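Asks: All chains should be built: construct the whole structure from the sequences, respecting the hints.
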Amino acid sequence: DAGVTQSPTHLIKTRGQQVTLRCSPKSGHDTVSWYQQALGQGPQFIFQYYEEEERQRGNFPDRFSGHQFPNYSSELNVNALLLGDSALYLCASSAGTSGLYNEQFFGPGTRLTVL
Amino acid sequence: GDSVTQMEGPVTLSEEAFLTINCTYTATGYPSLFWYVQYPGEGLQLLLKATKADDKGSNKGFEATYRKETTSFHLEKGSVQVSDSAVYFCALRYTGNQFYFGTGTSLTVIP
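Those protein sequence lines, which keep their order, are chains G and X.
Mapping to the numbering used here: the first sequence position 28 is 28, numbers consecutive.
Numbering-wise, the numbering used here comes out as the position in the second sequence, counting from 1, plus 1000.
Please keep in mind that the hints were generated in silico from the structure rather than gathered at the bench.
Everything numeric in this text was worked out from a predicted model, so none of it was measured.
Beta carbons are placed, not taken as given, at the ideal position from N, Cα and C, and that holds for glycine.
Hints are not guaranteed to be accurate.
Partial list, computed: chain G residues near chain X (C-beta under 10 Å) [what the hints assert, rightly or not]:
{"hint": "1", "residue": "Leu11"}
{"hint": "2", "residue": "Tyr35"}
{"hint": "3", "residue": "Phe45"}
{"hint": "4", "residue": "Gly109"}
Replies: Here it is, written out as structure tokens:
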């Protein structure tokens, strides 16, 4: 089992550009959550996808959007990039959207640098 | 709102020293509490968890007890090793999957 995989590993963009990050969940998982981790900070919840729909959303602007595919993989899109979007973007997968015992598994992240 | 406050780092300890990383939380309900560890260049890994008051989570020699009266979930280990060097995150979660993380505490263990 490859666990949660993310691509690319690193990405450099300039202000105003758009970026797409990709995530493949752990085998058997159907729910994907995305987090932004700024340097020296804890991860901040962006949103969660289940059954190809956004189910929960954190305090992030509409420039952040996502998609989930029928095979449960997911994309995070960020439009009109700002310098402050530079961060490590983490994807986490789990089986189902709720329940105290379903563990979330995190991927290694994509490091986005906005110049 | 819901939040987690962790002890500021970085923390530097000698091998075999005792470790405590403090974590307190603010929550409107009764969340589950977690400690995650992040090794350099890697994603977060679940270290231990507790789902209700007075539960003790433990793993790899680390322990933490869910203290509702003090709203705390301090991480402890009796004898740290060089391989424990990492960043440790305290987090809370309700029945949905949204986590609230602390800012992380960097631990360096020197031989």
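Asks: Confirm or reject each hint.
Replies: Verification of the hints:
1. The criterion of a C-beta within 10 Å of any C-beta in chain X is not met by Leu11 of chain G, whose closest approach is roughly 16 Å, and the hint is violated.
2. Contact between Tyr35 of chain G and chain X, as hinted, is supported at the beta carbon level, the nearest pair being about 8 Å apart and thus within 10 Å.
3. The beta carbon of Phe45 of chain G comes within 5 Å of a beta carbon in chain X, closer than 10 Å, and the hint placing it at the interface holds.
4. Taken as an interface hint, Gly109 of chain G checks out: its beta carbon lies about 6 Å from the nearest beta carbon of chain X, inside 10 Å.
Checked against the numbered hints above, the structure violates only hint 1.
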